[in-house]
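Enquirer: If you're matching them up, the sequences are chains A and B in order. Just so we're aligned, residue 1 is where the first sequence starts under full-length UniProt numbering, counting upward by one. Just so we're aligned, residue 1 is where the second sequence starts under full-length UniProt numbering, counting upward by one.
No lab work stands behind these hints: they were computed from the structure. This one's a predicted model, so the numbers in the text were calculated from it and none came from an experiment. Glycine residues also receive a C-beta, built at the ideal position from the N, C-alpha and C atoms. It is possible that part of the hints are untrue.
Selected chain B positions facing chain A (in silico; Cβ < 8 Å) [as the list claims (entries may be wrong)]:
no., residue
1, R394
2, D396
3, R430
4, A474
5, A488
6, S509
Here are the computed lysine to aspartate or glutamate pairs in the EDC-like style, where the Cα-Cα straight-line distance is at most 16 Å [unchecked claim]:
no., chain 1, residue 1, chain 2, residue 2
7, A, K293, A, E338
8, A, K200, A, D334
9, B, K293, A, E515
10, A, K433, A, D481
11, A, K293, B, D481
12, B, K293, A, E338
13, A, K293, B, E515
14, A, K293, B, D523
15, B, K200, B, E410
16, B, K200, B, D214
17, B, K293, A, D481
There are 2 protein chains.
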Amino acid sequence: MLQRYLPILGWLKTYNRDTLTSDLVAALIVTVMLIPQSLAYALLAGLPAEVGLYASILPLVAYALFGTSRTLAVGPVAVVSLMTAAAVGNLSLPDSEAYLAAAVALAFISGLLLIAMGVLRLGLIANFLSHPVISAFITASGLIIAASQLKHLLGVDAGGDNLLQILLALGNRIDEANLPTLLIGAGAVIFLFWVRSRLKPLLVRAGLRPRLADLLAKAGPVLAMAVTTLVTAGAGLTEQGVRVVGEVPQGLPGLGLPPLDAELWQQLFVSALLISLVGFVESVSVAQTLAAKRRQRICPNQELIGLGSANIASSVSGGFPVTGGFSRSVVNFDAGAETPAAGAFTAVGIALVTLLLTPLIEFLPKATLAATIIVAVLSLVDFGALKRTWSYSRSDFTAMLATLVLTLVEGVEVGIIAGVGLSLLLYLYRTSKPHSALVGKLPGSEHFRNIDRHAVETDPRILTLRVDESLYFANARFLEDRIEALIANNPSVEHLVLMCPAVNLIDASALESLEAINQRLSDSGVRFHLSEVKGPVMDALRHSSLLDELTGQVFLSQYDAWEALRREAASAAVTGTPEATPVPHREQSPAS
Amino acid sequence: MLQRYLPILGWLKTYNRDTLTSDLVAALIVTVMLIPQSLAYALLAGLPAEVGLYASILPLVAYALFGTSRTLAVGPVAVVSLMTAAAVGNLSLPDSEAYLAAAVALAFISGLLLIAMGVLRLGLIANFLSHPVISAFITASGLIIAASQLKHLLGVDAGGDNLLQILLALGNRIDEANLPTLLIGAGAVIFLFWVRSRLKPLLVRAGLRPRLADLLAKAGPVLAMAVTTLVTAGAGLTEQGVRVVGEVPQGLPGLGLPPLDAELWQQLFVSALLISLVGFVESVSVAQTLAAKRRQRICPNQELIGLGSANIASSVSGGFPVTGGFSRSVVNFDAGAETPAAGAFTAVGIALVTLLLTPLIEFLPKATLAATIIVAVLSLVDFGALKRTWSYSRSDFTAMLATLVLTLVEGVEVGIIAGVGLSLLLYLYRTSKPHSALVGKLPGSEHFRNIDRHAVETDPRILTLRVDESLYFANARFLEDRIEALIANNPSVEHLVLMCPAVNLIDASALESLEAINQRLSDSGVRFHLSEVKGPVMDALRHSSLLDELTGQVFLSQYDAWEALRREAASAAVTGTPEATPVPHREQSPAS
Numbered sequence: 001m002l003q004r005y006l007p008i009l010g011w012l013k014t015y016n017r018d019t020l021t022s023d024l025v026a027a028l029i030v031t032v033m034l035i036p037q038s039l040a041y042a043l044l045a046g047l048p049a050e051v052g053l054y055a056s057i058l059p060l061v062a063y064a065l066f067g068t069s070r071t072l073a074v075g076p077v078a079v080v081s082l083m084t085a086a087a088v089g090n091l092s093l094p095d096s097e098a099y100l101a102a103a104v105a106l107a108f109i110s111g112l113l114l115i116a117m118g119v120l121r122l123g124l125i126a127n128f129l130s131h132p133v134i135s136a137f138i139t140a141s142g143l144i145i146a147a148s149q150l151k152h153l154l155g156v157d158a159g160g161d162n163l164l165q166i167l168l169a170l171g172n173r174i175d176e177a178n179l180p181t182l183l184i185g186a187g188a189v190i191f192l193f194w195v196r197s198r199l200k201p202l203l204v205r206a207g208l209r210p211r212l213a214d215l216l217a218k219a220g221p222v223l224a225m226a227v228t229t230l231v232t233a234g235a236g237l238t239e240q241g242v243r244v245v246g247e248v249p250q251g252l253p254g255l256g257l258p259p260l261d262a263e264l265w266q267q268l269f270v271s272a273l274l275i276s277l278v279g280f281v282e283s284v285s286v287a288q289t290l291a292a293k294r295r296q297r298i299c300p301n302q303e304l305i306g307l308g309s310a311n312i313a314s315s316v317s318g319g320f321p322v323t324g325g326f327s328r329s330v331v332n333f334d335a336g337a338e339t340p341a342a343g344a345f346t347a348v349g350i351a352l353v354t355l356l357l358t359p360l361i362e363f364l365p366k367a368t369l370a371a372t373i374i375v376a377v378l379s380l381v382d383f384g385a386l387k388r389t390w391s392y393s394r395s396d397f398t399a400m401l402a403t404l405v406l407t408l409v410e411g412v413e414v415g416i417i418a419g420v421g422l423s424l425l426l427y428l429y430r431t432s433k434p435h436s437a438l439v440g441k442l443p444g445s446e447h448f449r450n451i452d453r454h455a456v457e458t459d460p461r462i463l464t465l466r467v468d469e470s471l472y473f474a475n476a477r478f479l480e481d482r483i484e485a486l487i488a489n490n491p492s493v494e495h496l497v498l499m500c501p502a503v504n505l506i507d508a509s510a511l512e513s514l515e516a517i518n519q520r521l522s523d524s525g526v527r528f529h530l531s532e533v534k535g536p537v538m539d540a541l542r543h544s545s546l547l548d549e550l551t552g553q554v555f556l557s558q559y560d561a562w563e564a565l566r567r568e569a570a571s572a573a574v575t576g577t578p579e580a581t582p583v584p585h586r587e588q589s590p591a592s
Numbered sequence: 001m002l003q004r005y006l007p008i009l010g011w012l013k014t015y016n017r018d019t020l021t022s023d024l025v026a027a028l029i030v031t032v033m034l035i036p037q038s039l040a041y042a043l044l045a046g047l048p049a050e051v052g053l054y055a056s057i058l059p060l061v062a063y064a065l066f067g068t069s070r071t072l073a074v075g076p077v078a079v080v081s082l083m084t085a086a087a088v089g090n091l092s093l094p095d096s097e098a099y100l101a102a103a104v105a106l107a108f109i110s111g112l113l114l115i116a117m118g119v120l121r122l123g124l125i126a127n128f129l130s131h132p133v134i135s136a137f138i139t140a141s142g143l144i145i146a147a148s149q150l151k152h153l154l155g156v157d158a159g160g161d162n163l164l165q166i167l168l169a170l171g172n173r174i175d176e177a178n179l180p181t182l183l184i185g186a187g188a189v190i191f192l193f194w195v196r197s198r199l200k201p202l203l204v205r206a207g208l209r210p211r212l213a214d215l216l217a218k219a220g221p222v223l224a225m226a227v228t229t230l231v232t233a234g235a236g237l238t239e240q241g242v243r244v245v246g247e248v249p250q251g252l253p254g255l256g257l258p259p260l261d262a263e264l265w266q267q268l269f270v271s272a273l274l275i276s277l278v279g280f281v282e283s284v285s286v287a288q289t290l291a292a293k294r295r296q297r298i299c300p301n302q303e304l305i306g307l308g309s310a311n312i313a314s315s316v317s318g319g320f321p322v323t324g325g326f327s328r329s330v331v332n333f334d335a336g337a338e339t340p341a342a343g344a345f346t347a348v349g350i351a352l353v354t355l356l357l358t359p360l361i362e363f364l365p366k367a368t369l370a371a372t373i374i375v376a377v378l379s380l381v382d383f384g385a386l387k388r389t390w391s392y393s394r395s396d397f398t399a400m401l402a403t404l405v406l407t408l409v410e411g412v413e414v415g416i417i418a419g420v421g422l423s424l425l426l427y428l429y430r431t432s433k434p435h436s437a438l439v440g441k442l443p444g445s446e447h448f449r450n451i452d453r454h455a456v457e458t459d460p461r462i463l464t465l466r467v468d469e470s471l472y473f474a475n476a477r478f479l480e481d482r483i484e485a486l487i488a489n490n491p492s493v494e495h496l497v498l499m500c501p502a503v504n505l506i507d508a509s510a511l512e513s514l515e516a517i518n519q520r521l522s523d524s525g526v527r528f529h530l531s532e533v534k535g536p537v538m539d540a541l542r543h544s545s546l547l548d549e550l551t552g553q554v555f556l557s558q559y560d561a562w563e564a565l566r567r568e569a570a571s572a573a574v575t576g577t578p579e580a581t582p583v584p585h586r587e588q589s590p591a592s
């Protein structure tokens with residue numbers, strides 16, 4: 001029990017010198033990668049650079065204690081940072097102090113929500129975010145983030161909540177662009193793209209092992225930071241208008257609770273919920289992918305607690321919302337991390353940087369950080385997913401396109417809420433018109449198939465309708481309409497059989513519809529039968545009065561139904577009594 | 001085409017003297033029944049009594065032109081009148097003139113929405129209202145309506161938006177009760193209950209035919225009106241505090257458009273949508289039940305147009321929202337109505353009453369109308385449905401109880417919106433944890449059953465998982481978690497087969513989950529197979545890359561999968577190569 005809530009008790013028992021070495025190497029590499037990312041994502045969230053470092057210390061320790069993934073690397077990530085900027089930016093706060101306090105409170109609320117969902121085992125709430133919606137949302141976020149960073153490359157002031165606003169604001173200010181800033185920024189972008197695509201093959205050709213070459217290439221952003229900082233400081237470029245990070249307070253963050261302001265919490269609640277869900281979904285899919293590679297397991301509900309405590313830890317140490325990051329987790333995994341201790345060691349690395357090296361980043365140009373962000377987020381943009389989804393399912397594509405467009409045009413929160421709502425509506429729409437077919441017997445077999453697709457035997461006195469969907473409120477009326485039409489168009493019918501092999505559920509609405517259908521068919525002189533009802537569905541029906549009221553029978557198989565009703569209809573035709581004597585209900589044996 | 005939008009063109013062709021006689025008799029009986037109802041429901045909606053008459057003339061003509069039910073009787077009904085009172089009451093309008101104007105506008109907006117839904121063939125929106133939610137909503141509405149009428153029985157002023165408020169307000173004013181009013185009201189209630197339960201058997205015993213006795217009993221409210229009006233007028237009870245309907249303008253209503261006030265329309269929009277949906281659902285289920293008794297059909301999308309034009313007609317003639325009424329449609333049917341012309345004749349009847357008889361209702365006590373309402377709505381209260389639903393499905397019961405409690409405590413709009421939201425969430429929750437089972441082969445057969453329920457053959461190298469639900473975004477993660485756990489707990493597994501006979505849909509989210517599962521299984525050295533995939537699902541999968549990437553095969557039947565994989569695993573064990581050479585994909589033939 002204790003181990004379930006504190007997974008560290010599981011892996012700590014087998015910790016040894018080998019694991020320690022692996023974890024230390026991975027931690028060193030992730031630290032180098034995390035420095036520019038944490039600074040850059042703080043900038044993206046509209047916060048001072050050091051807040052990014054604060055969000056990369058205690059959260060990693062908390063996750064190491066409570067998380068279930070061996071290799072997930074948590075910290076500030078691009079999409080959550082953008083959502084933080086949108087959430088806090090909406091509040092129109094008086095100054096940057098209030099802005100920071102709100103971001104810190106957002107991490108706290110988000111942490112509480114995640115822990116609450118974990119304790120209540122509500123991880124399934126994240127199911128509401130369908131893959132197409134998440135994918136479109138991330139693509140749109142990537143585009144907005146990249147656009148929002150262009151101002152730093154140009155060295156101008158321009159903002160906006162959506163893509164159009166951002167681009168228009170940039171267009172208005174483009175003549176104020178600062179040339180040295182642009183040179184640094186464009187240079188960094190080109191260098192980082194080159195590192196990403198060309199450096200690794202070059203290093204491999206120079207004789208390095210591919211994995212080492214790959215990891216070295218990840219240090220590109222740090223190199224860009226170092227070079228541009230040196231150039232800026234050396235050439236005194238700040239006097240020519242190059243904006244830099246500026247003086248950063250040295251030392252570790254103080255601990256404390258975020259402002260407990262009821263109105264602020266209320267205003268941030270929905271944003272915190274969205275950030276929690278998006279962060280959780282992203283994090284869990286990375287963690288699951290990496291765990292599977294080593295036949296390990298993660299526990300989604302405990303992951304909620306791990307990510308929740310990471311956010312609480314971030315908040316009490318003056319940081320902003322965090323979650324598991326895709327690229328840095330992959331690096332952590334590739335670098336050989338074996339346990340969450342690697343995350344704790346990374347935390348020590350970032351803490352040392354915060355204590356000792358912050359004076360070095362005073363002259364770090366914001367343009368370099370913007371370049372880091374742009375290169376990182378453009379890999380999130382995936383228009384191919386739109387194309388793949390279009391060819392697979394129009395309905396999913398619709399939800400995807402709506403999420404993409406609304407996120408770009410109306411902003412992140414409207415985009416994701418509309419996407420979730422639309423995907424629910426479309427699912428209900430799909431299931432409200434289920435596939436159904438009149439079936440007949442394939443000659444010489446006991447199989448029943450669609451009369452429109454196969455040459456099958458039928459009987460004008462017996463109609464068999466197969467519905468390929470669970471029966472529930474969204475399609476209960478469909479069934480009533482379908483059967484009403486069938487009976488009106490087939491005046492010679494005496495028996496209607498509903499064939500249920502694909503019916504996994506009959507809810508109370510559908511039950512009432514079936515009772516109404518039974519009653520209406522009885523009024524029309526037609527008997528109503530069921531066939532191939534599944535075990536669990538039959539178990540539920542036994543708690544209703546449908547089986548008592550049913551004018552017909554429940555048949556184990558459709559073939560049984562066909563044989564029995566054919567005999568009955570034939571004998572009724574001979575004796576001239578169209579209504580045969582009621583047959584006692586025969587129920588299907590409980591099948592699993 | 002024209003006949004689809006004007007169903008009157010269909011039945012008018014065969015209209016003859018017999019049909020005319022039947023329709024005239026039915027119209028006479030429904031007119032007598034409709035007079036007290038229309039006055040009473042106007043009172044319930046907080047409107048002058050004559051507005052109820054106006055809402056019972058043109059709407060009936062419009063429905064006769066555009067409706068598809070032969071016997072539905074439209075007009076003011078209890079639940080919609082309550083919803084009208086709630087919607088217009090929320091606006092805190094300055095005077096009763098503005099209140100009336102808002103009610104008239106509400107009918108217009110509701111009519112436009114219904115027609116729009118009909119033209120766009122969106123009748124399925126009504127599917128969102130599940131039977132348990134509607135049933136609980138109507139029970140709660142019945143209780144609120146009955147409670148809200150008690151003030152008229154007592155002759156005091158007391159109001160409130162929910163049951164508690166109403167009862168508290170009554171409690172505070174009970175010492176102001178007016179004795180003559182109470183005597184009239186209580187007398188009417190007792191008389192009407194007696195008529196409802198005892199009069200018919202008495203008449204039958206006196207020699208009348210049961211159907212005639214039944215129809216005569218329906219005239220009870222008119223008799224109560226006549227007697228109490230005579231007593232009140234004769235004994236001058238108005239001077240003793242008995243409140244009466246008062247002077248009613250004589251003559252037909254003038255025609256005109258409702259106020260085209262954008263702000264008002266916006267405020268009424270959600271209420272109009274809810275009223276439209278509730279009214280439509282109620283009306284369609286009555287119409288469908290009655291149509292089935294004569295093997296007739298109604299067309300739900302054309303019904304939307306019929307009810308929509310009835311509401312527009314009500315609005316332009318100064319009336320409030322209307323829909324098909326349950327009890328009066330049954331009376332219309334039982335009285336022998338054969339075509340919608342019966343409705344048009346009823347309209348003529350009510351028009352004559354409005355022209356000639358309104359002076360007679362000046363001294364009609366409001367207490368008598370309240371008694372009519374109370375006796376009518378208590379038949380809507382159905383606590384038995386709660387019990388039946390409890391024993392059938394806990395999930396549906398939860399939605400039902402929440403709707404009931406929230407409607408009583410928070411009012412009609414909150415109640416129904418919460419009920420709809422909750423029933424959606426509960427459905428997603430149910431399907432997000434679908435029934436699934438590991439299956440094995442029943443010895444000596446080709447059937448595969450749950451290994452926990454049956455003594456079946458299994459193979460430690462082959463796991464077969466059957467999922468009894470469509471795979472979509474709400475349960476995609478469930479599947480990933482389930483398979484992750486299976487593989488982690490069964491280290492000797494080499495093949496995983498997903499058995500899909502109950503999978504009616506695989507959406508884009510589930511497709512990505514299957515791709516991820518395939519990839520993760522491949523990383524763990526396990527091959528992933530599908531079996532018994534349905535034709536339409538297979539058709540869709542062919543538009544994806546899953547079939548190309550799949551490490552295993554798609555088998556037509558689970559038995560094929562078992563035989564092939566057993567052979568393969570056995571030969572791999574002999575030759576010592578655990579990974580057999582890839583087998584070309586074999587796909588299922590398209591089944592309907």
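Enquirer: For each hint, tell me whether it holds in the structure or not.
Expert: Quick rundown of the hints versus the structure:
The interface hint given for R394 of chain B is violated, since its Cβ lies 10 Å from the closest Cβ of chain A, which is over the 8 Å cut-off. Hint status for D396 of chain B: holds, given a least beta-carbon distance of 4 Å to chain A, under 8 Å. Here the hint on R430 of chain B is kept, as its CB sits about 7 Å from the closest CB of chain A, short of 8 Å. At about 5 Å, the closest approach between the beta carbon of A474 of chain B and any beta carbon in chain A falls short of 8 Å, and the interface hint on this residue holds.
Restraint check, A488 of chain B versus chain A: the minimum CB separation of about 5 Å is within 8 Å; hint holds. The beta carbon of S509 of chain B comes within 4 Å of a beta carbon in chain A, closer than 8 Å, and the hint placing it at the interface holds. A distance of roughly 12 Å separates the Cα atoms of K293 of chain A and E338 of chain A; the hinted pair therefore holds under the 16 Å criterion. For the hint linking K200 of chain A to D334 of chain A, the alpha-carbon distance of about 15 Å falls within 16 Å, and the restraint holds.
For the hint pairing K293 of chain B with E515 of chain A, the CA-to-CA distance comes to about 14 Å; that is within 16 Å, so the pair holds. For a cut-off of 16 Å, the pair hint linking K433 of chain A to D481 of chain A stands: about 11 Å separates their Cα positions. Of the pairs offered as hints, the one joining K293 of chain A and D481 of chain B holds, with about 15 Å between alpha carbons and a cut-off of 16 Å not exceeded. A threshold of 16 Å between alpha carbons decides the hint, and for K293 of chain B with E338 of chain A the separation of about 72 Å lies outside it, so the pair is violated.
For a cut-off of 16 Å, the pair hint linking K293 of chain A to E515 of chain B stands: about 14 Å separates their Cα positions. With a C-alpha separation of about 5 Å, the suggested pair K293 of chain A and D523 of chain B falls inside the 16 Å cut-off, and the hint holds. Of the pairs offered as hints, the one joining K200 of chain B and E410 of chain B is violated, with about 39 Å between alpha carbons and a cut-off of 16 Å exceeded. Between K200 of chain B and D214 of chain B the alpha-carbon distance is near 6 Å, which keeps this suggested pair within the 16 Å criterion.
Distance check on the hinted pair: K293 of chain B and D481 of chain A sit about 15 Å apart at the alpha-carbon level, within 16 Å; holds.
Hint violations for this structure: numbers 1, 12 and 15, all remaining hints satisfied.
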